[in-house]
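**Q** My request is simple: use the sequences and hints to build the entire structure.
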Amino acid sequence: MAFNSTDSYIVSEQLASAVNAAVTLQKPLLIKGEPGTGKTRLAQELADSLNTELLQWSIKSTTKAQQGLYEYDAVSRLRDSQLGSDKVHDISNYIKPGKLWQAFTAEKRPVLLIDEIDKADIEFPNDLLHELDQMAFHVYETGEHIEARQRPIVIITSNNEKALPDAFLRRCFFHFIQFPDAETLAQIAQVHYPNLHQQLLEQALELFFDLRHTPGLKKKPSTSELLDWIRLLVAEDISAEQLQQSRQRNSAIPLTGALLKHEQDIELVERLRRVN
Amino acid sequence: MLIEFFQLLREQGVKTTITEWLDLLEALKQRVIFADVDEFYYLSRMILVKDESLYDRFDRAFAQYVERVAATDVADKIPKEWLENALKRELSEQDKARIKQLGSLEELLKTFQERLREQQERHQGGSKWIGTGGTSPFGAYGYHPGGIRIGQHGNRNRSAAKVWDKREFADLDDDARLEQRGFQIALRNLRQFARTGAATELDMDATLTATARQGGLLDLQWQPERHNAIKILLLLDVGGSMDDHIYQVEQLFTALKGEFRHLELYYFHNCPYEGLWRSNRRRRTEQIPTEQVIQTYGEDYKLIFVGDATMGPYEIAYPGGSVEHWNQEPGQVWLQRLLRKFPKAVWLNPQPQAHWRYYPSVGMIQEILSERMQPLTLSGLQQAIEVIK
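Line order of the protein sequences matches chains A and B. Per UniProt numbering, the first sequence starts with residue 1, numbered consecutively. Per UniProt numbering, the second sequence starts with residue 1, numbered consecutively.
No lab work stands behind these hints: they were computed from the structure. It is possible that part of the hints are untrue.
Computed footprint of chain A on chain B, listed as stretches where at least three residues anywhere in the stretch have a Cβ under 8 Å from a Cβ of chain A [as the list claims (entries may be wrong)]:
no. : segment
1   : 44 to 56
2   : 339 to 352
Just a few of them, taken from the derived set where beta-carbon distance is under 10 Å, the chain B residues facing chain A [said to hold, decoys possible]:
no. : residue
3   : E26
4   : I33
5   : M204
6   : T211
7   : L217
8   : Y247
Since this is a predicted model, take the numbers as computed values, not measurements. Even for Gly, the Cβ is constructed at its ideal location relative to N, Cα and C.
**A** Rendered as structure tokens:
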């Protein structure tokens, strides 16, 4: 199998070969990169291209590793016991399989996305070491042993908010998504808006890269912001000439709100454009 | 050969382990890639390096390795199948027709190997090997002295030797200066959680235990919320030579403010003396005696100085040395008093570390702080955190 760019998703050569290597060698693939460069999207596209299920486990600051395996709902068992329900005698009624369990027992080799692993507690990745390595775990409440039928394809994304433990990193492959160059970005935009006017796209990209190169921005606009902006430009019927004028005269960029998300950034850019 | 690469990586400070190296060998065995330096570069980087801040070091090691490989006799080292495969992939229909004229593929390979060796011996740039569209059957690709490039599949805006030579990731190296986000991430290592205050959170475990003890009757248990219990006393040098570093210090301050509830900030100029101030606008009128600051905060406060420590040596060592006022006692006495009260202390210096040795005052401060000065970079901050933890 070979994963590659699709009609709706442009993937760089390096990323494609990283994904292919991880799939072949059955290792989890850790993806880092600026927000908005399509890290999460990758797992969806990979699942689509393999025609298999995507299991998405979104990590929050309160997520525990155990929740990915299974949860024992003690509270509802307690309630049932007080109401005198018959279910209460079988403990497995209260064991809820988590995403890892689902992935292990899926019919077809699924794609398991562990999204934003850095959001969780610092020890979280360590708690998953054994499970990701052996692809098996034990259910203490029922004495069951859950083993993967086939090793799921594991994609892990991180925004670099916390350093991940070395022991965990050793077991993963790692790819850092670089911000795409102008050419790739143009391809991406065309995939999303096939009927886009060529001139408008060129002008928009030039303005976009000008903006990205502004020193001191708190949050640089990224691919997803560019796509939103282009959609707005089309919806508002803004022409390539208008963009060109704004570029040449250094006047305000139309609809900057879609590109810059911090108030200070908007002020900074306006000030700089006035000065120039 | 790959062992050498592994060693070079470790020399450059990329902490690659044997497990990862075995993974790489496994990947090569499984033929994830085939005889292509570019792909080998990406594959090995993906498997051996797990942190983009180390990419630059990896690039350096890779460049060295490729140089060494290029210096060996390629003709002998390349297995025949590689050449065959590279050839098959590169040859156009025309070339293939010409192969027939030249005889078998085997013969062609032999000639090719000979020519490679010939070039190696003469140490030429090998212009006759690189030309494309010529009459030579090897024309579609060439042997590149700066890096092996046997299979040259459609140049996609980059050439083999350049990917790692460009060193695009130099900015990401740990020693590069920091943005606020980076500071914040680093500061998280300095967390110490403790539960204090009113019990407002449901304690699930205790509730379960208590309920079980009651024979199944719900017995709710509560506990206070968790908070970061670290306390910081921040002393900032302002004015004068510090003006060059305002941006960096601002970033550090914002990050600190976001992370710690107990953060006390005072300013000084060049070196702390008997008075500190909390607002720069009212520094002349509202100085707070340093003695009072020392009395107010407990020794569990972590003391962080931020300053470039560049000043006249007399500003540290002599009474009356201050550039702004007459000080009864020299700066070092006040520094020592502060350090005695707050043993967990560190000095962060926004000056690049390479410049420190030009200023005697930096050395003096270092001595007073028993070498606890760190540059204001990510790795410096991390080390500083280790010191005051």
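**Q** Now tell me if each hint is right for this structure.
**A** Going down the list of hints, with the structure as the test:
1. 44 to 56: holds (count 7)
2. 339 to 352: violated (count 0)
3. E26: With a minimum Cβ separation of about 6 Å from chain A (threshold 10 Å), the hint on B:E26 holds.
4. I33: Nearest chain A Cβ about 7 Å off; hint holds.
5. M204: Result: holds, 9 Å to nearest chain A Cβ.
6. T211: Holds, because the Cβ-Cβ distance from B:T211 to chain A comes to roughly 7 Å (cut-off 10 Å).
7. L217: It holds, given that the least Cβ distance between B:L217 and chain A is near 8 Å, below 10 Å.
8. Y247: holds (8 Å)
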